[in-house]
Amino acid sequence: MPKGLWNLHVDGNWYRWFHRSSADSPSPDAPSILKTVRKILSGNNNFKWGTVPFPTPLHFQLDFVYTVDRDAGYITVTRWRSVDGGLYPRAQRATLTSIRETSLGTLEALLEDVAEVPKYCNQSLSDAHAEVGVQHLLESFGIDPMVPAPLNELQFKVFTDFVLTWRFYLGEISTWERSFSLFSVLAIGLLRIAAWDLEIRNTDYKDITTFSFLPGWKAPTNDVFWFHGYLVVCCSSDEIRTSVSTKTRHFVSRSNGQAVAVHGIAISIRQVVLFEIRNGHMVYSPPIPLVTNDSSIHCSPGFRLLAYVFTSNHWKGSSERWGVPMPTELLEMIIKASAPRPKDLISMAQASMLLEQWYYSSILQVNGINIHQYPLSIPCCGKRHTSDTIGIYCSVCYAWFHTECAYPSSDMSSERIQYICSGCQESRPCAVLESGGIHQAYRAKRDRKGCSVVHDGKATDFHLRPCKPTRHFPDTWHMFGLAAPAPKRADYTIYFSGVFSGLAYGFD
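Using our numbering, you'd call the opening residue of the sequence shown number 116 and step up by one each time.
Treat the hints as calculated values from the structure; they're not laboratory data. Just so you know, even glycine gets a beta-carbon here, dropped at the ideal spot from N, CA and C. Hints are not guaranteed to be accurate.
[To be verified] Within a straight-line C-alpha distance of at most 30 Å, the following computed DSSO-like cross-link-like pairs (lysine-lysine) qualify:
#1 Lys564 / Lys498
#2 Lys603 / Lys564
#3 Lys118 / Lys163
#4 Lys154 / Lys118
#5 Lys118 / Lys603
#6 Lys560 / Lys498
#7 Lys150 / Lys118
#8 Lys560 / Lys603
#9 Lys560 / Lys118
#10 Lys333 / Lys603
#11 Lys333 / Lys362
[As the list claims (entries may be wrong)] Quick list of simulated restraints, FRET-style, between CB atoms:
#12 Trp164 / Gly248: 49 to 55 Å
#13 Arg293 / Trp195: 18 to 24 Å
#14 Ala230 / Ser296: 23 to 29 Å
Work out the full structure: start from the sequences and follow the hints.
Next up, the structure:
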């Protein structure tokens, strides 16, 4: 049976209602749909609207999504369509005035396609003199990226899982470009994973991760805020060059004559930019892809860079001295005792460079786990060896490579800072995000593997747990005379500010 969902925007507030009637078709070519729209516009309806912070996008469990925007004066209908064997959302629109005045019998006759132009992360900042290399900014930030830590490999896996779980919201580009509340929720989710500022509970999950489940964790209400010592600038459009300059004007003017520089991150979902404000001037890195069509399969260059910025060693950490000598064993006991209380653990890490290094060099919130393979962070051979292993980062994808893998037949050249791995030489990482692109890339490849780990002495995989079919869709299995599979238990769940992130994991 086709399924439809309705979003309503009125007086700045969002509401939604799920079309559950089996008697009426939710298709726009059904006369009942036009009557439903008119009832909504008249305000004379008894539909059970629920309050939501932002509209619900088209989901693979839905056939139609109707968004009635009374504030803007139009209705948008989104449905799936097949293009060259792939499924992409098709958005069509009609004005509310035309609906009130038409003599036609269906909404379908009034709809016109909404054109969308795919946007690529290939633009430079407007002031070429202000653009500098990423390596220059990392050095200025006091960051010295070394061989990826075990936590980095887990972070890259969680990033791809986050993109997969929330792909319909991340792919609803026109919505998060206009709705800061949705943009902010998605952006802070990405930043929390990159900084590992989250809570991992040793419990199964009870929340529904279907189309009705919302990303409901707390998010900043301002588009400029401090996060782990960095000034974060949210840019809901791709005009980062304009947004950063405008939104940080106050910080630039105050930096004149100041010895301390401001280090920042500009994030726009599609891409990320590092910047520095020093003595009345600002310099930027080039835009780097953050969330793209392929991000549910491959970790993006932008997220790798974000993770390194938050978790890598800082040079200034070596000068930190504690007034009271503390044995390493006692310090380790204190940190492990704080692990069940993530807020305490994260606060300790932010208060001390030494504790921060300890926090990011291990995986404290998952007991008894060791990363076995490193395909996302060290794709050359997937092996980490030791922390002092010599290697180099690709200047395009920011993956790490052993020196012997990067230069198997010769010494490292003078161009090592601009090293480009063989994979990026053959095919640059995906840099485009389009509506429905993440879901289509996932459907086309489905080549997702768990994180290879050793848990309690046994080799296993750390897998994302999807929504449980026996709990949410038992009728689907019974309809075909099949027994629903037993749901797999989740051993760990991730929370942002006490709210379920949609990410649950188990061992297989």
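Here is what the structure says about each hint:
1. Lys564 / Lys498: The given pair, whose Cα atoms are some 17 Å apart, holds under the 30 Å limit.
2. Lys603 / Lys564: holds (16 Å)
3. Lys118 / Lys163: With Cα atoms ~16 Å apart, Lys118 and Lys163 stay inside 30 Å; holds.
4. Lys154 / Lys118: Holds. Lys154 to Lys118 sits at ~20 Å (cutoff 30 Å).
5. Lys118 / Lys603: holds (27 Å)
6. Lys560 / Lys498: Holds, because 25 Å separates the two Cα atoms, which is no more than 30 Å.
7. Lys150 / Lys118: Judged against 30 Å, a Cα distance of about 18 Å means the pair holds.
8. Lys560 / Lys603: holds (23 Å)
9. Lys560 / Lys118: holds (26 Å)
10. Lys333 / Lys603: Holds - the C-alpha atoms of Lys603 and Lys333 are around 29 Å apart, at most 30 Å.
11. Lys333 / Lys362: holds (22 Å)
12. Trp164 / Gly248: 49 to 55 Å: holds (51 Å)
13. Arg293 / Trp195: 18 to 24 Å: Holds, since Arg293 and Trp195 (Cβ atoms, about 22 Å apart) stay within the stated range.
14. Ala230 / Ser296: 23 to 29 Å: Check passed, 26 Å falls within 23 to 29 Å.
In this structure, every one of the numbered hints holds.
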